[in-house]
Amino acid sequence: MYQQETITKELHLQLSDEDLAQFELDAKETERLGHIGTHMDCYMEAPRYKEYVTDAVVVDCRNGLPADEYFNNLDIEGKALVLYTGNMATNDYATKDFFMFDMKLNWDSLAALLYNHPKFILIDSHGLGMFSQHRLFDMECEKNGCFLIMCLMLEGEEILNIKKLKIEIDKEMPSTGKPCRVYGF
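Residue numbers (UniProt numbering): 1 to 185.
Hints in this document: simulated from the structure, not taken from any laboratory.
Possibly wrong hints are sitting among the right ones.
[What the hints assert, rightly or not] With a Cα cut of at most 35 Å, we get these calculated DSBU-like pairs of lysine-lysine: (1) Lys9 / Lys104; (2) Lys163 / Lys119; (3) Lys143 / Lys50; (4) Lys143 / Lys9; (5) Lys104 / Lys79; (6) Lys164 / Lys104; (7) Lys171 / Lys9; (8) Lys96 / Lys163.
[To be verified] Just the calculated beta-carbon pair ranges, DEER-fashion: (9) Met139 / Thr54: 20 to 28 Å; (10) His117 / Glu51: 27 to 35 Å; (11) Lys104 / Asn144: 30 to 38 Å; (12) Glu172 / Lys104: 29 to 37 Å; (13) Asp108 / Phe131: 24 to 32 Å; (14) Glu168 / Lys96: 13 to 21 Å; (15) Asn161 / Gln14: 18 to 26 Å; (16) Glu69 / Thr95: 18 to 26 Å; (17) Glu51 / Gly156: 23 to 31 Å; (18) Asp97 / Leu136: 32 to 40 Å; (19) Asp55 / Glu157: 15 to 23 Å.
Glycine included, each C-beta is placed from N, C-alpha and C at the ideal position.
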């Protein structure tokens, strides 16, 4: 399957104990705790397993989202589609600039992302949609058998060379947000 020494990079956000304590204090409710750092939103169901090793396709979106037709031709069925936007590297996590970053994703774009049935979509941003769209887009992914993992820490050109991911999911978190650890190799 894979060997531990082949893991090239931890892709999940690593918060200091001090930052984590402050975010937890701000969250106040158990429901919100699962939505801190790198996590998966699970509004209707959660993935079956707590760990996955999957092939990955990384798409460079730092200069904008490619045209919908681009995604229609990607070989991503059952794989992880990683959208490298540069948001996390450019804007500090959980800041106003981070949350105001807009990929300009609409329903047609989301349909294009889901067209070839990825198992996971991962992104280095707060999610695929802005404000009220965020949850609706998450639920549309789930309806299509795809889970969205957000707030990855992606930076540098080596990210574009990642071919596999190991995804660990905290399925025990009593929240619609499930903390994740993601490793690229």
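Regarding the pair lysine 143 and lysine 50, is the alpha-carbon distance no greater than 35 Å?
Given pair lysine 143, lysine 50 holds - Cα atoms ~19 Å apart, limit 35 Å.
Holds or violated: are the alpha carbons of lysine 143 and lysine 9 at most 35 Å from each other?
Status holds; Cα separation ~30 Å.
For lysine 164 and lysine 104, compute the direct alpha-carbon distance and say whether it is at most 35 Å.
Since the Cα atoms of lysine 164 and lysine 104 sit roughly 27 Å apart, the hinted pair holds (cutoff 35 Å).
Take the C-beta atom of lysine 104 and the C-beta atom of asparagine 144, compute their distance, and say whether it sits inside 30 to 38 Å.
Taking Cβ atoms as reference, lysine 104 and asparagine 144 lie about 21 Å apart, which means the hint is violated.
Does the Cβ pair aspartate 108, phenylalanine 131 satisfy 24 to 32 Å?
violated, 19 Å
Holds or violated: lysine 9 to lysine 104, with C-alpha atoms at most 35 Å apart:
Satisfied, since the Cα-Cα distance of roughly 28 Å is no more than 35 Å.
Satisfaction of the hinted span 20 to 28 Å by the C-beta atoms belonging to methionine 139 and threonine 54:
Since the Cβ atoms of methionine 139 and threonine 54 sit about 22 Å apart, the hinted range of 20 to 28 Å holds.
Verify the proposed pairing of lysine 171 with lysine 9, using a straight-line Cα cut of 35 Å.
Roughly 23 Å between the alpha carbons, so the hint for lysine 171 and lysine 9 holds.
Range first: 29 to 37 Å. Now tell me if the beta carbons of glutamate 172 and lysine 104 are that far apart.
holds, 36 Å
With 13 to 21 Å as the target window, see if glutamate 168 and lysine 96 comply at their CB atoms.
violated, 30 Å
Between lysine 96 and lysine 163, is the straight-line Cα distance small enough, at 35 Å or below?
holds, 32 Å
Hint check: lysine 163 vs lysine 119, CA-CA at most 35 Å. Holds or violated?
With Cα atoms ~15 Å apart, lysine 163 and lysine 119 stay inside 35 Å; holds.
The structure shown violates the earlier hints numbered 10, 11, 13, 14, 16 and 18.
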